[in-house]
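Input sequences plus hints: build the corresponding full structure.
Chains as they are written, first to last, in the numbering used here: chain A, 4 to 340; chain B, 4 to 340; chain C, 4 to 340; chain D, 4 to 340; chain E, 4 to 340; chain F, 4 to 340.
These aren't lab readings, by the way, just hints derived from the structure by calculation.
Just so it is clear, the structure is predicted and the values come from calculations on it, not from any experiment.
Certain hints may be false.
For identical chains, the list gives no copy identity; a pair is met inside one copy or between any two copies.
As the list claims (entries may be wrong) - Cut-off 30 Å, straight-line C-alpha distance, at most; resulting in silico cross-link-like pairs (DSBU-like, lysine-lysine):
hint, residue 1, residue 2
1, Lys80, Lys215
2, Lys43, Lys215
3, Lys19, Lys215
4, Lys33, Lys98
5, Lys98, Lys11
6, Lys215, Lys33
7, Lys98, Lys80
8, Lys19, Lys98
9, Lys80, Lys33
10, Lys11, Lys43
11, Lys11, Lys80
12, Lys80, Lys19
There are 6 protein chains.
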Amino acid sequence: MSSAGSAKTSFVSDLKPGERVTSYFLVRQKQLEPFRDRAKGEFLTLMLADRTGQILARVWDNAPAMAETFAVGDVLKIAGDVEEYQGRTQLIVQKVRVASEGEFLLADFLPATTRDVAEMVNAVQAVVARLTEPHLAALVRHFYDDPDFTAQLAEVPASRRLHHAYLGGWLEHLTQVLAFAETAIALHPELNGDLLRTGALLLSAGKVHELKWGRAVDYSDEGRLLGHVVLGDEAVAQALAGLPDFPPELALRVRHMLISHRGRYEWGAPREPMTLEAIALHHIESANTQIARFRDLLATRRDGDQPWTGFNRLLGRPLYAGYEDAGGAGPDDGPEA
Amino acid sequence: MSSAGSAKTSFVSDLKPGERVTSYFLVRQKQLEPFRDRAKGEFLTLMLADRTGQILARVWDNAPAMAETFAVGDVLKIAGDVEEYQGRTQLIVQKVRVASEGEFLLADFLPATTRDVAEMVNAVQAVVARLTEPHLAALVRHFYDDPDFTAQLAEVPASRRLHHAYLGGWLEHLTQVLAFAETAIALHPELNGDLLRTGALLLSAGKVHELKWGRAVDYSDEGRLLGHVVLGDEAVAQALAGLPDFPPELALRVRHMLISHRGRYEWGAPREPMTLEAIALHHIESANTQIARFRDLLATRRDGDQPWTGFNRLLGRPLYAGYEDAGGAGPDDGPEA
Amino acid sequence: MSSAGSAKTSFVSDLKPGERVTSYFLVRQKQLEPFRDRAKGEFLTLMLADRTGQILARVWDNAPAMAETFAVGDVLKIAGDVEEYQGRTQLIVQKVRVASEGEFLLADFLPATTRDVAEMVNAVQAVVARLTEPHLAALVRHFYDDPDFTAQLAEVPASRRLHHAYLGGWLEHLTQVLAFAETAIALHPELNGDLLRTGALLLSAGKVHELKWGRAVDYSDEGRLLGHVVLGDEAVAQALAGLPDFPPELALRVRHMLISHRGRYEWGAPREPMTLEAIALHHIESANTQIARFRDLLATRRDGDQPWTGFNRLLGRPLYAGYEDAGGAGPDDGPEA
Amino acid sequence: MSSAGSAKTSFVSDLKPGERVTSYFLVRQKQLEPFRDRAKGEFLTLMLADRTGQILARVWDNAPAMAETFAVGDVLKIAGDVEEYQGRTQLIVQKVRVASEGEFLLADFLPATTRDVAEMVNAVQAVVARLTEPHLAALVRHFYDDPDFTAQLAEVPASRRLHHAYLGGWLEHLTQVLAFAETAIALHPELNGDLLRTGALLLSAGKVHELKWGRAVDYSDEGRLLGHVVLGDEAVAQALAGLPDFPPELALRVRHMLISHRGRYEWGAPREPMTLEAIALHHIESANTQIARFRDLLATRRDGDQPWTGFNRLLGRPLYAGYEDAGGAGPDDGPEA
Amino acid sequence: MSSAGSAKTSFVSDLKPGERVTSYFLVRQKQLEPFRDRAKGEFLTLMLADRTGQILARVWDNAPAMAETFAVGDVLKIAGDVEEYQGRTQLIVQKVRVASEGEFLLADFLPATTRDVAEMVNAVQAVVARLTEPHLAALVRHFYDDPDFTAQLAEVPASRRLHHAYLGGWLEHLTQVLAFAETAIALHPELNGDLLRTGALLLSAGKVHELKWGRAVDYSDEGRLLGHVVLGDEAVAQALAGLPDFPPELALRVRHMLISHRGRYEWGAPREPMTLEAIALHHIESANTQIARFRDLLATRRDGDQPWTGFNRLLGRPLYAGYEDAGGAGPDDGPEA
Amino acid sequence: MSSAGSAKTSFVSDLKPGERVTSYFLVRQKQLEPFRDRAKGEFLTLMLADRTGQILARVWDNAPAMAETFAVGDVLKIAGDVEEYQGRTQLIVQKVRVASEGEFLLADFLPATTRDVAEMVNAVQAVVARLTEPHLAALVRHFYDDPDFTAQLAEVPASRRLHHAYLGGWLEHLTQVLAFAETAIALHPELNGDLLRTGALLLSAGKVHELKWGRAVDYSDEGRLLGHVVLGDEAVAQALAGLPDFPPELALRVRHMLISHRGRYEWGAPREPMTLEAIALHHIESANTQIARFRDLLATRRDGDQPWTGFNRLLGRPLYAGYEDAGGAGPDDGPEA
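Here it is in C-alpha cells:
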C-alpha cells in the first residue's frame, strides 16, 4: 500500500513538538467547548488521524465559525504548530480547509498491510492457475478473472478489529490460509486438493461484501444483516447457475465447505462440517485467524516494559508478551521479603 | 390426502386376528432367521407398514427364495392370515409379489395430515393474494404461482420426526404460522404486516428442498449439507435477481428475516434477528413448532392408562398426558401407608 | 393513564427555551458543585424528571440552603426559566418547594401506557367472564374480583426495563398474551382452552408483587429474593387452599403451567414445561415479550438518521431500524470508490 | 430399619444353590415365554426382589394360569428351589400366592439405611429443640411436631437414584447436612446459626412430597410437575400464614434460602443465592450429596478386582475405586514389553 | 498481623478533619493537574493508602518538583492537614519524603487477617502432626517442616480479590477447610481421612507461588501462565521424587485429588474428580470459598442503610445484606399507595 | 510396523470360506453357550482378532474343558476351518493352545500405522537436530536422546479411539504437526520457531504415559487420573530441574505452551493460551487431530454404496463420504414424483 505520489508529507507518528506542519488529516472527533472564562466563547477540540495514529488538536481562534465548515469523516488540509502539553503532543491549528478527493490518497488514512500487495495477488492468482479440476477452475476463475472482484480483493480488510484489520489484510490472510492448505494436502492424500484450494479461494466471495472501508473500516448493512457466510453462498450459487455443466454433487461439496467454515453453530455456521475438506478448511482458517489475532494484540503492547497486555474481554484474559530480554530471568521473583 | 380410488383396501390399523387379507404394504425391515430346528432351514421376518402403522409378518415356507424377490422400501401385494401371538397381532404371509408403481397410491404408505389439503392451499393463496406491497407480492408470487412449487408445498412434511412429520405437515404448520402472524400484526402496529407475511410464506422456499419423501421421509443430501436456511436463501436470492426493481433495503430485510428465523446461532441461524419482523417470525414459528411437537408426543401415549410419556432425550424429560378423567382426582395419592 | 385533573401543566418534553414555567418535577439527582471562582461558594445541579423525560436544572442562588430542604425522590413545585446552553435545554430554578402528596398525580411522573386502561381492564375481565370450566373460573375470580388486585393490575409495569416497562405495561402485555392464546386455542383443539386462559390470567398473581413503582420502577425485595414465579405460586396455592373442591390434578396442571412458564431452567423456571398448555403459555408469552422488547429498543433510536441502534449487551448485537424511506434504496452502497 | 417381627425369613442375598426356600418376594418383572419346543406351551420368567437384591425365577409348570393370578408390584409368598445355571443363581418356583398386606413388612422390600433411625430422629429433634430464635423455632416445630410429617421423614429416600436412594436416606442426609452446618456456623460467626439450621431442617418440607415409595421409589406426579423446591415453598408459606407475628423480613430470608438452595438456575433453582445463609446451605447440601453419590457409586463396584467403575453418563466419566491393597503398587505398570 | 513496634501511628480510617498528622502512606495514584488559573502552574493529586483504606491528598506548593521524587508504589512519610471538602475527607500535604524499607511494616499497608496468625499456624501444624499414615505424613512434612514454606504460608492471601484477599487469608481459609474435612471424615467412614487431610494441606504447595504480595496483591507471572494447580502438582511431584518408597498408587491418588480440586474442566481443573477424597476436597474447599466470598462482599456494604450490595458482575446479581434490625419488618411494603 | 519374521501367516482380513487355517489370534471375547438341545451340553463362542479385523469362532467339541485353558487377552495358536454362515464368515476351531510370548509379534495384533516408522523417527530427529536455541535443544534432547523414550515414541497410539488410534499413530501425528509448525513459522516471523518446535516435540512427553498398549489400546490409570497434560508437565519440569542454566522465563513459556495446548478450559486445559507460540501450537495440533479424525471416520464407511456414515454421537452428526463417482451427479434427485 505504497504512498508514492501522495501529497501527504507529514504523518502523525512523526510529529515533533516545536515544528510547524502542513499536511492532510482525517477528522475522527470534533467538539466545541467553552473557555473557562465564558466571556471568551468557545474553542474547538479535534481528534485528527492518519494511518499511523491519531493526535489531539485545538483551534483557539474563530472556532465556532470554522467548525461549521467541515464534518467528522472529512479529510482536512491543516497548517499548525506541534506542542507538548502535560506530556502529550498536540497540534495547535492555524489554518484549515476541506481537501478535495483528488488531493490525497485514501491509503494514507487507513492502516494497511506492510506486505507487497502485487506480490500477494500474484501468489494467489498462481494458485488459481494451477487448479486442474476443470469445473472448480472455472468456478474460481469466475471470480478471480473479474477485475472488480480482484480490485476489492486487494483492499478488503479481514475484519473490522479482530485480525488483519487493515487494508490488504484479507489478501494477507488468504495467502497464509492457502499455504496452510498446501501443507494439509501434502500430509493428507485423502484430501481433494483442488476442492480445498477452491474453498479457501472462494471465502473471498463473501468477504468483499461484508466490510466497507473508506475513511474507516466497518461492516456494511449487508455484512451485519446477512453475514459473509450467506453473502458468499449467494455469490457462489449465482456463479454456479452460470455453469450448467458443473456436477451437482461437487457443487454441493463446494457450498457445504463454505457455509460450514466457521465450524460450529454457535460461531455462526448454518451447518457444521461434514466432509473432509470442510473440516480442514475450518481448522486451517481458524488457526491463521487466531495466530494473527494474538500477534496483533501482542504488537500493540510490546513496546513498553509491561510484560502483559491489558485484559481482553473477548478472550477473557490478558496475553503475555514477556520481557525485552526474553531469554533472561524475568523480574518476577516472587513475594518481596 | 384422500385415498379415493386406491387399490389398497385394508390398512394395518384395521387388521383383526382371524381374518384373511389381501392388500399392499411397504417393507420397512426384512430378515432371514434360522428355525430352532436348523434342519428346517430359514424363515423370513418382515416389518410391513402403511400410513396407519406397522405390523410384524412371517413367511414360513420357501422363505429364502421369496426373500430374493424384493427389497426394503418396496411396496408388496400380499395375501395372508392375521394371527395373535403373545398378545401381538402378526401376519402370516401366504403370497407376495412386488407391486408396480401404478397399482397403489404413495399417500397410502406415509402418514398424512388429516386436514383438507385443498382448503389449506386456498387459505395460504388467499394470504398471498392479499399482499398489498407490490414488490413483496411479486416476490411471493414468483413461488406461489409456480405449479411445481405448490405441488411440493401440498406434500412436504414439516420435519422428519420433530413436528408435523407427515405429508401435508408443512402446509398445516404454515397456515398456523400465518394465523399467529395476523394476531401479531393486529397487536403490534409497528410491524410491517406484509413483510412478516412474506417471511412466513417464503420459509417454504427452503423447506421443499430440505426433505425428500417417497416411501419414507428423510433429509435430502442438500438438506443435510446445506440446510433449509441456506437453500431457502438461495431460492429467494435467485428470485430477487429476476426482480430488478425490488428495493435493495427491502430485499435485505426479507433475506435477514429468513436467515435469522431460527433465532440463535446455536440453533443453526447464521445471523440472529435484528429487526422487528425477524424477531416476530422467529417467535411465532417456534411457538407453533413446539406446541405441535408436544401435541404429537402426547398423542402417541395418550391412549393407555399411563399418565407419563417415555423420557424424551432431546427434551430431557417425559411429558405429562394425565389421566382419562383429567378433571378428577388422580391416583397419585402420595406415599403408601 | 389520563392526567385529567392534574395540577401539572407543563411537561419536560414541551419545555421551550425562553419561556417561564411553574410545574411539578421529580428529583432524580441532586449535587452541590463549587463555582469556578470558589469565593462564590456552591451552586446546585439537579436532574428533574416527569413521565415525558428529564431535564438538567441549576440553582445559582442560595443553593446550599435550598439543597437542605428536599431529597432525591421528592416531587417539587418549581418556578424557573428555560434556557439553551451548548445545544441543551436546561432549567434555571428560581423557586422551589416540596409538593405534598395530594397536589400531584403519581402517573405524571412515571412513563405510562398510551392505551386506554379501562378498555384493557374490560377486555381482560371479559375473558374472565367467559371461562366455562367452573373450578378454573372460581380460581381466576378469586383474584380478578378482588379490587386491591385489580387496582394493582391496572398499574404494574411488565418489567423494570426489558419490555412494557411503564405503568399499565403488564396490562397491555396481558391483553396481548390473551389474544395470542385465543389464536393458539383456535388452531390446536387439543389445547384445554380454559386452562391456557387461566395460565395467562394468573401470571398476574406473581407480577403484582415482583415490582414496586412509585416515583421509579424497581424490584421489591420480595421480587428480587423470591421472584414472580414463586410469589405467583404462593398466591395461587393459597387461593386453591380456599377452594376445597378444586380437583387435585387440575390444580397440579395450573401450578405446573405457571411455574414452568419461563420455559428453561437457565431462564429461571424451577420446572420445564411438560404439558401442552405449559409449552403453549411459555411460547406465546415469550413471543410477545420479545416483540415488545424489540419494538421498545427500536423506538428509542428511530428518530435519527442512524439506521442502527447502539450495541445491546444483553442481546449481544445492535438492532436495525433502517432508513426513513424504508422501501427505497439505502445509503449503504458498499466500499467507497 | 429393623426387620424384627418380619415373616420374611430368607433374603435374596442369602440364597444358596441347592436349598429349598419359602419366603416373600416383590415382583419386578414378569414375562411368559414359549418353550423351544412350542408344543410344550409357555413358561414364566420373573424378576423377584427384596431389599437385598434381585433374582431371576422360572415357573415351568402351569405357567399361563399362574401368571394370571398376580401382577408386577405384588408381593408373593413363594416356595421353590435355588439352582445355579450358567454361573447365575436362579429360583425354580414350585408354589406361589399373593401375600396380603399384613403378612410382610414393606421395609423388607426396599433397600433401607443401615443406620439407627430412632437415633437419627433424636439427633434431628435435638437440633430443633436447641433453636433459640423464637419465630424460627415455632416455624420449624410446625413441621417437626407433626407426627405425620415425622413418620414420613423417617422413611423418605433422598432421591430416586442419585444418592441416599433408600428408605431413611433423607434422614441420614439431613443429619449429615446439619453436622456440616454446625461446622460452618462455628467457623463463620457472620452466619445466623438458627437461620441456617432452619434452612437445613425445612428442606424436608418439600422432600416428603417429591417422592413416593411403596414397593419402589419413584417421583410422585407432584414431584415431577412441581418439584420439591416449589412443594417445600408451598408448605413453608402455608406454615408462615399460620404464624401472624413472624417478622416479614425473616420470612423472606427463610424462603429465599430454601428456593435458592440448588444454587444455580440451570440446576433448577428459581433464584440464585443472595444471602450468606443461602450460599452456605447450597454448598453444604451439595457437598454431602456429592460425597454420598460417589460413595454409593464406588460401593457398587468395589468388590471385584476391577479398579474402575463403569462409565457414568451423568458424570461423563468412570470413578476410581482402586485396588484392594490401596497402599501398595498398582498393577498398572505401563506399556507391556 | 499485629502492628506492634510499627512507626505508623495514624491510619486512614482514623483521620479526622481539623487534625495535623504525620505518618506513612502507600502511593496508589499520582497525577499533576493544572490550576484553573493556568498561570499558577500545576498541583499534585495523590491517592494514599494503608491497610485501613485510602484517602485523596493534594500538594498545592512546589508540586512538579516534589512529584519527581517518588513513584506509585512507594511508601512516603507525610506531614499534612486533614480537611473536609464537599463531604469528603482529604489530606493537604505539607511535607513528603520516601520512607526507607526499615522504617515501616509491610503489614501496615496491606489488609490482613484479624485472626491470630500464630494460633492458626499451630492449628494447622497440629493436623500435620496427627497424620498417622507414614507416607502421607512424610510427604506433608516435606513442606510443613520447611521454614521458607511456612513463612510464606503465614502471609499468602487466598486470592487477589475473590475471597480471603488479605495477608494471612490463605491460612485462615486452610484452617476452615481442615475443619470441614474433619466433619466429612467423621460423617463418612468410607473416606480415607489422612488422604483427605493431605489433600487440604497440600493445596498450599501451589498457592504460595501463585500470588505475589508486597505493596499490593497480584498474580505472579507463574501464577498467570501456569496456575496454582500446575504449580502445586510440580512441587508435590518433586517432593514425591525424593520419597522413593512412597506407594505409587497412593501418589496417584494424592496428585489426582490436587489437580482435580477445582471440580470441573470449565473451572480450570485438568481432570475432574474420580475418587471419593477428590470429590470431598473439591466440595469442602468450594463451600468455604463461597461462604467467605459472600461474607466479604456483604461486609463491604453492610454499614449503610442500603439493604442490597451493588450488582456483582461475576455473580450476575446483587447480594442482600438486609436491614439493621434484621429480625423486624423491612421497609419494603410493596407499591406505594 | 512391518511383520517381517512373524510366525503369523494368516490374517483375519484374508480368511476365505472353505480353507483350513493355522495361525495366531487374540481372544477378545469368550462365552460358553448351551446347545439348543441341552442334553448336548455347551459350545464355546469366541471373538478372535488381529490387526486386520475380527472374526466369530465356535468350538463345538469339548468346549467347557477347552475354555478353562485360556483367558480373554491371550494370544492363541488355532487350527480350524473357515465357513460361511448366514452371510458371515466364521471359524470352526479344531485345535487351540495358548501361544508363548516369543512366538508372535505384538504388532500383528494391534492395528498399526501404514507409514514407515523408521523414516518418521528420522524426520522427527532431524527437527530435533536443527534446533539452534541451545537451552531448548538441550531440553528436547533430554527426551529424544533417551532410548526408552524413543522406543515408546515409535509405538504409542495418538489416542484410544479418536484419531490415529493405532501403533505408531502418535508418531504419524507428530510428524504432521511439525510440518504444520514449519508452515506457521514461515508465515509468521513473530513466532519463535524453536520454541514452537519444542512445544510440538514435547507433547510426546505426556503422551507416552497416558496410554498403554499391549493386546489392546487403553488409558493407563495415570492417564485417566492425571491426564497427559499433567504427566507431560511433570516430565518436563523434572527435565528442567536437571538443566540449572535454563532461563526461567523461557522455562515458563515452554511449560505454559504445553499445559495450554488443549486451548480451552472445557477441553481440559488448566490454562488457556496466552502467548503467540501457545495459540499456534493449540491450533495446528487441533487442525491435524480433526482432519485425521474425519479421515478415519470416513474410511470406515467409504467402501459401501452408502454416502453417509452413521450418526456420530460425539460430533452430533453423520459425515458425508459421498458417491463413488464423486464428480458426477449424485442419485439424490429430490422428492419422488
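Evaluation of the provided hints:
1. Only within a single protomer do lysine 80 and lysine 215 lie at most 30 Å apart by alpha-carbon distance; the minimum there is 24 Å, versus 52 Å between protomers.
2. In this assembly of identical chains, lysine 43 and lysine 215 lie within 30 Å of each other by CA distance neither inside one copy nor across copies; the values are 42 Å within and 49 Å between.
3. Taking the shortest alpha-carbon separations for lysine 19 and lysine 215, neither the intra-copy value of 33 Å nor the inter-copy value of 40 Å comes in at or below 30 Å.
4. In this assembly of identical chains, lysine 33 and lysine 98 lie within 30 Å of each other by CA distance solely inside one copy; the values are 16 Å within and 36 Å between copies.
5. In this assembly of identical chains, the alpha carbons of lysine 98 and lysine 11 lie at most 30 Å apart only when taken from the same copy (16 Å versus 52 Å across copies).
6. Taking the shortest Cα distances, lysine 215 and lysine 33 sit within 30 Å of each other inside one copy (23 Å), while across copies they are farther apart (43 Å).
7. In this homomeric assembly, lysine 98 and lysine 80 come within 30 Å of each other (Cα to Cα) only inside a single copy, at 8 Å, whereas the closest approach across copies is 50 Å.
8. With identical chains, the CA atoms of lysine 19 and lysine 98 are at most 30 Å apart within one copy only, with a shortest distance of 19 Å there and 37 Å across copies.
9. For the identical chains of this complex, lysine 80 and lysine 33 are intra-copy neighbours only, at 15 Å inside a copy versus 38 Å across copies, given an alpha-carbon limit of 30 Å.
10. Taking the shortest alpha-carbon separations for lysine 11 and lysine 43, neither the intra-copy value of 34 Å nor the inter-copy value of 39 Å comes in at or below 30 Å.
11. In this assembly of identical chains, the alpha carbons of lysine 11 and lysine 80 lie at most 30 Å apart only when taken from the same copy (9 Å versus 53 Å across copies).
12. For the homomeric pair lysine 80 and lysine 19, the shortest alpha-carbon distance inside one copy (18 Å) is at most 30 Å, but the shortest distance between copies (39 Å) is not.
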